[in-house]
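> These are the residues of each chain, in order.
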Amino acid sequence: NAGVTQTPKFRILKIGQSMTLQCAQDMNHNYMYWYRQDPGMGLKLIYYSVGAGITDKGEVPNGYNVSRSTTEDFPLRLELAAPSQTSVYFCASSYSQGTGELFFGEGSRLTVL
Amino acid sequence: GQQLNQSPQSMFIQEGEDVSMNCTSSSIFNTWLWYKQEPGEGPVLLIALYKAGELTSNGRLTAQFGITRKDSFLNISASIPSDVGIYFCAGRDQGGSEKLVFGKGTKLTVNP
Numbered sequence: 001n002a003g004v005t006q007t008p009k010f011r012i013l014k015i016g017q018s019m020t021l022q023c024a025q026d027m028n029h030n031y032m033y034w035y036r037q038d039p040g041m042g043l044k045l046i047y048y049s050v051g052a053g054i055t056d057k058g059e060v061p062n063g064y065n066v067s068r069s070t071t072e073d074f075p076l077r078l079e080l081a082a083p084s085q086t087s088v089y090f091c092a093s094s095y096s097q098g099t100g101e102l103f104f105g106e107g108s109r110l111t112v113l
Numbered sequence: 001g002q003q004l005n006q007s008p009q010s011m012f013i014q015e016g017e018d019v020s021m022n023c024t025s026s027s028i029f030n031t032w033l034w035y036k037q038e039p040g041e042g043p044v045l046l047i048a049l050y051k052a053g054e055l056t057s058n059g060r061l062t063a064q065f066g067i068t069r070k071d072s073f074l075n076i077s078a079s080i081p082s083d084v085g086i087y088f089c090a091g092r093d094q095g096g097s098e099k100l101v102f103g104k105g106t107k108l109t110v111n112p
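In the order they appear, the protein sequences are chains A and B.
Numbering of the first sequence is given in the numbering used here, commencing with residue 1 and proceeding in unit increments.
Numbering of the second sequence is given in the numbering used here, commencing with residue 1 and proceeding in unit increments.
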């Protein structure tokens, strides 16, 4: 069972470039989330989705966009990358009633120079 | 927004010692969870708590949902080197929001 799969694991971007972080889960979970983790700061919610076609902003959505065309996939788009977006990004999924029991991917480390 | 205060920020202990960490909130939560993150990995759920006063164990780990619903603690007994990692508390408020709030983590180092 693959669980939550994130790609790429590492990426270096120049300021102003754009990219998409991919996330896929094979557990048929309705709920999916994107978090960013900065050193010593815990996890901050960027965007989340409660099902295909439905997305909503989290705590720190500026500079990001998401889409949810299928239950399995929840890509995160960075437009006009900035140094402040240097971080480790985690995708997570959970059961349909949002128990808080999240399954996380291994993370994508992004550096913007 | 909501904040969770997690303490201590870091701990350096000897193998075999017991560990205690806690998390407090300024608002009432109806769910408390504890996650562990090892280097280079995503967080993994350790224990989930859904009722005030609930005390739950998972092997050497024990966690409690505070009776005021504004706090939770995690204890690790007889620590071993593989307990090394960052431990996060997370909470979900009584409004039924789908969004979890995470603490900043407790970094645990275990010396053999």
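Take these hints with a grain of salt, some might be off.
Claimed, not checked - Pairs of lysine-lysine, DSS-like flavour, derived with a Cα cap of 25 Å: (1) B:70 with B:51; (2) A:44 with B:70; (3) B:107 with A:44; (4) A:57 with A:9; (5) B:70 with B:107; (6) B:99 with A:44; (7) B:107 with A:57; (8) B:51 with A:9; (9) A:44 with A:14; (10) A:44 with A:9; (11) B:99 with B:70; (12) A:44 with A:57.
Said to hold, decoys possible - Reference listing, derived: stretches of chain B covered by chain A, where coverage requires no fewer than 3 residues with Cβ under 8 Å from a Cβ of chain A: (13) 10–20; (14) 70–79.
Stated by the list, open to error - Among chain B residues calculated to face chain A with C-beta under 8 Å, some are: (15) 27; (16) 33; (17) 51; (18) 84; (19) 85; (20) 88; (21) 92.
By construction, these hints were calculated from the structure, which means they are not laboratory data.
All values derive from a computational prediction rather than experimental measurement.
Where is the CB? At the ideal position from N, CA and C, for every residue including glycine.
> Against this structure, judge whether each hint is valid.
Okay, the hints, checked on the actual structure:
1. B:70 with B:51: OK: residue 70 (chain B) and residue 51 (chain B) at ~12 Å, within 25 Å.
2. A:44 with B:70: Measuring from Cα to Cα gives roughly 20 Å; hence the hint holds.
3. B:107 with A:44: At roughly 18 Å apart (the allowed maximum being 25 Å), residue 44 (chain A) and residue 107 (chain B) satisfy the hint.
4. A:57 with A:9: 24 Å, holds
5. B:70 with B:107: Distance ~22 Å between residue 70 (chain B) and residue 107 (chain B) Cα, so the pair holds.
6. B:99 with A:44: 10 Å, holds
7. B:107 with A:57: Not satisfied, since the Cα-Cα distance of roughly 29 Å exceeds 25 Å.
8. B:51 with A:9: With a Cα-Cα distance of about 37 Å, the restraint between residue 51 (chain B) and residue 9 (chain A) is violated, given a limit of 25 Å.
9. A:44 with A:14: With a Cα-Cα distance of about 23 Å, the restraint between residue 44 (chain A) and residue 14 (chain A) holds, given a limit of 25 Å.
10. A:44 with A:9: 19 Å, holds
11. B:99 with B:70: 17 Å, holds
12. A:44 with A:57: Since the Cα atoms of residue 44 (chain A) and residue 57 (chain A) sit roughly 11 Å apart, the hinted pair holds (cutoff 25 Å).
13. 10–20: violated (count 0)
14. 70–79: Check failed, 0 qualifying residues.
15. 27: 15 Å, violated
16. 33: Cβ of residue 33 (chain B) sits 5 Å from chain A, so the hint holds.
17. 51: Constraint on residue 51 (chain B) not satisfied, violated at 13 Å.
18. 84: 17 Å, violated
19. 85: Where the cut-off is 8 Å and the nearest Cβ of chain A is about 13 Å from residue 85 (chain B), the hint is violated.
20. 88: Cβ of residue 88 (chain B) sits 6 Å from chain A, so the hint holds.
21. 92: 5 Å, holds
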